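Undergrad: For reference, the chains in residue letters:
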Amino acid sequence: MKLDKESIIELLNQKGVEVLDLYPNQISVNIKKDNLLNHLVFLRSIGFDHLSFINAVDFIDEGEFELVYHVWSYTHKIHVLNKVRISRNNPVIPTIVNLWEQAQFYEQEIHEFFGIIFEGNKDLSPLFLENWVDIPPLRKDFDTKEFSVRLFGAEIRR
Amino acid sequence: MMDSPSYMLSKIAEKDNLTVYELFFGPNHPGMHGNFGYVLEMIGTEIVKVRPNAGHLHRGFEKLMEQKLWVQNIALVPRICVADPDPNEVAYCTAIEKILRVDIPDRAKFLRTITLEMSRLSSFLMGMGALAAAVGLYTAMNIMTADRDLILDLFEWLTGARVYHMFSIPGGVRNDLADGFVERLYKVLDHLEKRLIEYDKLLFENPIIHKRLKGLGYVSKEDAVKYGLTGPNLRASGNPYDVRVDDPYAAYPYLDVRVITQEGGDALTRAIQIRLEFEETINLIRRALKTMPEGEIRLNLGNLSALKVPKGEAYAKVESSKGEFGYYVVSDGGMKPYRVAVRGPSLPAGLLLAQKHLPKMKIDDVAAWMASLAICPPDIDK
Amino acid sequence: MVEILLVPLITAFISDIFIKNKRLVWFLFLISNGYILYKLYSLYGKWDLTYILNTDYQIFGAKLSLGLSNNPLGWYFAFFSAVVTLVIAIFSIGFNTNSKGNVAPIWMLIIFANLGIFYAADWITFFMMWELMGWTSFFAITNGNTKALDGAKYYLALSLLGGSSMLIAILLLGAYTKTFIIITSAYRLIQLFNLAEGVFTTILLLFIMAFFIKSAIFPFYMWPSKVYAVGPEDYIAFMSSVMIKYGIYPMAIFIVPVIGNLQLPKIFNAGNWMQYFIGYLGALSAVVGTLLAMFQTDMKKLFAYSSVANMGYILLGFASMSIVGFEGSLFHVVNHIVLKAAIFLSLAAVVYRTGESEMHKLGGLVYKMPITFLTFLFGIIAAAGIPPLNGFGSKWMIIQALMEKKMVVLVISMVFASTGAFMYLFRALVSIFLGQLPERYKDVKEVPYTMSIPMIIMMGLMLLIGVVPGVVMKPLTIALDALGYKVDIATWTTLSSSFKNATIDLKIVFYMFAMGIVVAALMYLFGNKSETIPQHDNYTAGENPIEWGVDADKFNYSYSFYQPFKEMFDPLFERISIDRFFSSIGKNFEYISPTIQGLYKRGEGAVLLFSIGVLLFILGGWIL
Amino acid sequence: MEDLKANDKRSYIDNLIDFFRKRSIWMLHYCTGCGAVELPPSMTSRWDIERFGIVPMATPRQADVLLVTGYVSLKTLKRIIKIYEQMPEPKWVLAFGSCTVNGGIYWDSYNTITNLAEYIPVDITVSGCMPRPEAVIDALQTLMEMIQSGEGGAYKKYKENYEYYKKNQDRVLRKTAPILGSSETESIYQEKEGNYET
Amino acid sequence: MIAAIRVFGYSLFAIFIGLLFMGIGRKIIARIQLRLGPPFYQAFLDVGKLFARKSITHNFVMDLGMIMSLAGLLSTMLFVPVAGHMAIKTSSNLILIIYLMAIGHLGMAMAAAASGNPNATIGVSRALTMMLGYEIPFFTVMLGLIIFNGTSSLELIAQSQAGGILNWNMVKFPLGFLAAEIALQAIMGEKPFDAMVAPAEIASGPMVELGGKYLGLAFLTHAVSIFVETGIMVNLFMGGASNVFTFVLKQFEIYLITILIEAVFPRFRIEQAVKFLWTVPMSIAVVQLAIILL
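Protein chains in written order, with the numbering used here: chain A, 126 to 283; chain B, 20 to 401; chain C, 4 to 627; chain D, 543 to 740; chain E, 33 to 326.
Accuracy of the hints is not assured; some may be wrong.
Said to hold, decoys possible - Below are the BS3-like pairs computed for lysine-lysine, each with C-alpha atoms no more than 25 Å apart in a straight line: (1) Lys709(D) x Lys270(A); (2) Lys699(D) x Lys532(C); (3) Lys127(A) x Lys245(B); (4) Lys86(E) x Lys510(C); (5) Lys121(E) x Lys409(C); (6) Lys307(E) x Lys708(D); (7) Lys624(D) x Lys557(C); (8) Lys240(B) x Lys265(A); (9) Lys532(C) x Lys709(D); (10) Lys409(C) x Lys68(B); (11) Lys240(B) x Lys127(A); (12) Lys569(C) x Lys204(E).
Stated by the list, open to error - Partial selection, computed: residues in chain E whose CB lies under 10 Å from chain D: (13) Leu66; (14) Gln74; (15) Leu77; (16) Gly80; (17) Phe83; (18) Ala84; (19) Ser87; (20) Asn91; (21) Ile130; (22) Ser147; (23) Ala194; (24) Val240.
Said to hold, decoys possible - Rough simulated footprint, nothing fancy, chain B against chain E, three-plus residues with beta-carbon under 8 Å: (25) 214-226; (26) 260-266; (27) 284-291.
Read the hints as simulated data drawn from the structure, not as lab findings.
As the structure is a computational prediction, the values presented were derived from the model and not from experiment.
All residues carry an ideal CB built from backbone N, CA and C; glycine is no exception.
Bound conformation, chain A alone (with noise of 0.2 Å):
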């Protein structure tokens, strides 16, 4: 049964989760750390079955990582992006590959990039990089210009 978006922001307001209407086919919603798998079990269970990606954005101002997990319904044709803001200090957040098994590699992407930490997800290890030493590269206090220019001796072009 297809949902239109209005019903779905309707129900998803009804269980208390703040809503956005961004596009056509797109809405955006912020949920609490604590509330994470609660909510995404919730959309999973009226049909968003498809675990598009996570990814993770780097509030540094505000001293806060933006974990976004995108969760499209094939159904409903509405693309969900769920936020979740969890402190920089304390990255921790409770893995989904309960949920959807891809999103242990999303998840150790993002470990690698963020140093955030998932909850529960038993094989962190490095994905794509070997013998990293410096700060998780896709932190914003991370200057990869400077990086490359001290490793790699890169000229820095104006």
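Got chain A sorted already, so can you dock chains B, C, D and E onto it with the hints?
TA: Here is chains B, C, D and E on its own, set in the frame of chain A:
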């Protein structure tokens, strides 16, 4: 007594770890497409465990894009997937346009659509060639790669570059079609349609291919959705989902996109799926050329180098030849993107399905399995 | 002539007394083997020597007499067995320096039985020796090793089955032909065919069953794999090369003349049903033995099945019932004795140094044991029947004979088996000697000279017989002449069949191969120089194996070597349950005869006592 | 003059061998980066470099030329070095695209090296981002000329200056003690999570 | 002495013809693939380069194996009558030829496995499995011819077909020729039966660690094997030849068929290949054999 041989093999491995040996499939292996690796734990010629070895192509795209201007990144994005670059440009530009909340002219939409579909053709030709090479049919690979060049020539005429076109820009496309381009494109399409008969004889109707690929790497209808497969792989398992129809972008709302689905879900079905979609793509380009309106080809967004995108975020997705390419763009209102995150279509297949499928598979079939799933390592590594 | 029987007997008793002094015992073993060989050499040509003890007893009207005779074919078997036994004896001195049990006295007793079988003139002597050999081998196999008990019991159970069927056959034969003399009984049995076909067939089948059990022909192909896997390696070398031929010898002197002289209707212009019966069982054991050998993980088991397959070839030669096939089979007997002994000696050397017989746990030993490797290489080349070495000539003759007789199915299964032989032989070579050398074998050394010299002798023998088959074929021709076969097949270096222009000159083959080596070596020297790099420096698609926790052990493809091929046969093997049947017999056997169990548990002294008892019993029977 | 003398020393045999080498270049194609996508066209029906005797090979043992077809990430660099060292002599290296000269479009990336020639000796660099098949063929033909004239011998340089290359390799592959990142950040991350190994 | 010179001459001739065929074969495949292809003498250039190259060996077994493999095939070649001529006059017994050929395989397999690379060993295991696959149908066809002619001498079989194309076994026993031709595809290791080298699966299998002169020797071995195998086919089915030129031309015809099949087929998996060989060509061969016997 009802144990399958592979189950017994894993039992053997537990009992006596000297029965196991390891084989490195990639990164520099003739059967590997791209720079990617699997470390295979094997008993005999059967795989019992697999460790994916990604990251050889990691360039830190997402970091680099934060350093560059909005428009400079147009040069960067197509490089994420070499085989099928245009979806990246379109997805990136669509995301920017979504945040800008502008609607581009219709002709620009059609031009984007045509480049996307041409890119799909070239990518399919490459994918079919890779499949042919994986099972040793180099003649098909040769002819397909040569035919792909016809499309690349057209691209060169249209955009000035063979592979990385940088054709879509925020607000539209760079330039209009040249005189005679459409006629030439029709000719190439006719040629490809004729060649399709030869491909059928060589590859898709070849009994040996059927023998080798039948039942290989079976994905059920439910699993395909569960594991996040997209594109032809999803449709070959019987799911009639296509981003072009479900979440239309560019000119697809004006075109009647036929979604091809097949039941089966094995490597053979996926190979035939590509072949069927290849035929459909030819027809789609013809329809698009017929209905393409005249008019402007881009919006005036001022000096693009000084483009500022208002604060906000958007996710834009595009159906590439391998599946859903998605760009999540966050802007803080400045000259550069605050964060660009890329969803490549190959990750579920290349990493997750590898761990599900490769155990119990023979070493013979790894290359063919990879080619059938169209795994493209650059978009896993980014 | 009797002294060649007495010498091993006396040696066995003496070594029993000095059983604790290993060096002395094995030295005695060597000396007496040398003496036997010398004595056998001097017996060559004296075909009318006999030693007969006539008695007045009659069993079913047949006069009971016990006797030995210098039978040409028996001499042929005995002589070449003795040659190989001597070489194994040299090897054993080194091999047994630090082994637990001491197999020498019992082994000597077996050699006594061995000579008795080949020299027996009548069925009663033959049967006594046969039984003695069966019982004593049980103790030789176990040799103080508890793990070996199951395999040995299995062997004993089959031996008893064979023995009892032979006893019935002998008694029936005596009752109907009124004689126990082997040669005479064969002629009378042929006459019996026209009188009582049922009895004739029964006798023949009972005999054939007994012989097939001893030679591990299908469907009794299981015991070698169980026995060889557990016995002491040097004794197994003897067992696999010499002892497995005990079934072949009576086939050659008794069954083949009987069947060959029958006037039975031919099927498809090719052979009668008796021929096909023997032939198909031979083909089955060749094919099944080959297939099973391919899928073994234990090297001794692998070569056990290889022996089964080789017995199959020999039977195929018999089945052709032509002189080329017959002579080819007898030639293959010697070839197999030599090559199997060589292979098992090199395996014994490997076990001696590494203590491991599972092939996938070995690897890369070529660095450490080059002489063993070369012996093994020679052995497998010979076993695969590749020309410059022995093994080819006999296979060639058998195939020619079968083709001549148009037995197409048999010849195709022969080719299947010998091509398949190439597969399992090479798999053993790769797994044991080539590939990566595991860390734990870094300190392995080549075996001492006492063991490497026998292996070198074996290599020489294989090359000699391969290039100059006359060294075997000349005595064989003379022996067959003495038995009344018209033979004109071989000169010193050529073999021929009765096809048109079908004479091969093995000397020329050798020359051509040598020329090939010269040309290839010239090409090799013509090339730029090469550099030797360590074994672990390998193409790994760019990865560094160490970083992935992959050591030499985990970079060896040797377990489940022919897996895709095996999976083709998996459904077939699941149905074959002959093994289970005999296994259950073997298991239940201990309940049938608790005596053996008790004897075994009481240790060596009891074994000795028991052996002496059996001997006295036999001697008593003989003298009476 | 000196060059001429060097040429004089080359005997007929040398010339013949170089002719063979020139006409039968076997390449190992390390398919890193974008240049890899232009190799199939150059190898197949349209451009067909097999007419010069150039064929792709499966393993480094069989290959004469190593093609590094684009940017080189750190993980790849390690493998390239291993493969380069596994190739028997004489061997040549062809680097594709601007990425292998100065990092190209990825010059400021934290994971791609900027100049391949610092780590292994490069004989010829093909210009372009990415090089067209014509450029690839041109480079291969230049290589053929170099081989015939006896110039192409960067592999000798690798032997002579092994310490230099080794030092550079070790530096970026961090085989020696960690030289990157301030010790403070490092210690912070070590405390926080054990997954970052030093 | 003269015999030695003759042997040397024959060896060089076989190598020359084999390499020439390889070069022409590559050219033909290239034309099928719409390419220009390498020059017809490319194989000579390759071999020249390989021998001039420095090479890498893992241990002496690799050297021994490569020499053994070339020597084995060369000695096999000396038993195959070339237009009725042989280096040393002796009986060219078919069974002997079949068994002698195995030594080449053994040498190659040994050299490959000596490198200790699992890829090479898998290739070897596949090659030997394939050998069991093709030997049976090929031998069945040969058996028919041997029984028909009452001789196992290749020379006599070739002579018995003298006198025009209608006397050729190819015409008399078309089914046998068909079965042998399919088996020959596998003997030569061409597609669809090239699972043993399969680059996309096991990185060119046995050749994975061979470089320089070892690969050069492997090339020469392959060249001689082409000569031997086509030579056997010409003698068996095309009635030998009256002069060397015709003989080589007939050999090329056989090779051409192989190459044409090679160009347009993908490869079987190894167990599929064996099953195929034991069903299709085998049943054709059995029918042929039955026709001959009855």
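Undergrad: Decide, hint by hint, whether the structure agrees.
TA: Each hint, compared with the structure:
{"no.": "1", "hint": "Lys709(D) x Lys270(A)", "result": "22 Å, holds"}
{"no.": "2", "hint": "Lys699(D) x Lys532(C)", "result": "21 Å, holds"}
{"no.": "3", "hint": "Lys127(A) x Lys245(B)", "result": "19 Å, holds"}
{"no.": "4", "hint": "Lys86(E) x Lys510(C)", "result": "37 Å, violated"}
{"no.": "5", "hint": "Lys121(E) x Lys409(C)", "result": "28 Å, violated"}
{"no.": "6", "hint": "Lys307(E) x Lys708(D)", "result": "52 Å, violated"}
{"no.": "7", "hint": "Lys624(D) x Lys557(C)", "result": "20 Å, holds"}
{"no.": "8", "hint": "Lys240(B) x Lys265(A)", "result": "41 Å, violated"}
{"no.": "9", "hint": "Lys532(C) x Lys709(D)", "result": "30 Å, violated"}
{"no.": "10", "hint": "Lys409(C) x Lys68(B)", "result": "51 Å, violated"}
{"no.": "11", "hint": "Lys240(B) x Lys127(A)", "result": "19 Å, holds"}
{"no.": "12", "hint": "Lys569(C) x Lys204(E)", "result": "38 Å, violated"}
{"no.": "13", "hint": "Leu66", "result": "4 Å, holds"}
{"no.": "14", "hint": "Gln74", "result": "5 Å, holds"}
{"no.": "15", "hint": "Leu77", "result": "4 Å, holds"}
{"no.": "16", "hint": "Gly80", "result": "4 Å, holds"}
{"no.": "17", "hint": "Phe83", "result": "8 Å, holds"}
{"no.": "18", "hint": "Ala84", "result": "4 Å, holds"}
{"no.": "19", "hint": "Ser87", "result": "6 Å, holds"}
{"no.": "20", "hint": "Asn91", "result": "15 Å, violated"}
{"no.": "21", "hint": "Ile130", "result": "31 Å, violated"}
{"no.": "22", "hint": "Ser147", "result": "9 Å, holds"}
{"no.": "23", "hint": "Ala194", "result": "42 Å, violated"}
{"no.": "24", "hint": "Val240", "result": "5 Å, holds"}
{"no.": "25", "hint": "214-226", "result": "holds (count 3)"}
{"no.": "26", "hint": "260-266", "result": "violated (count 0)"}
{"no.": "27", "hint": "284-291", "result": "violated (count 0)"}
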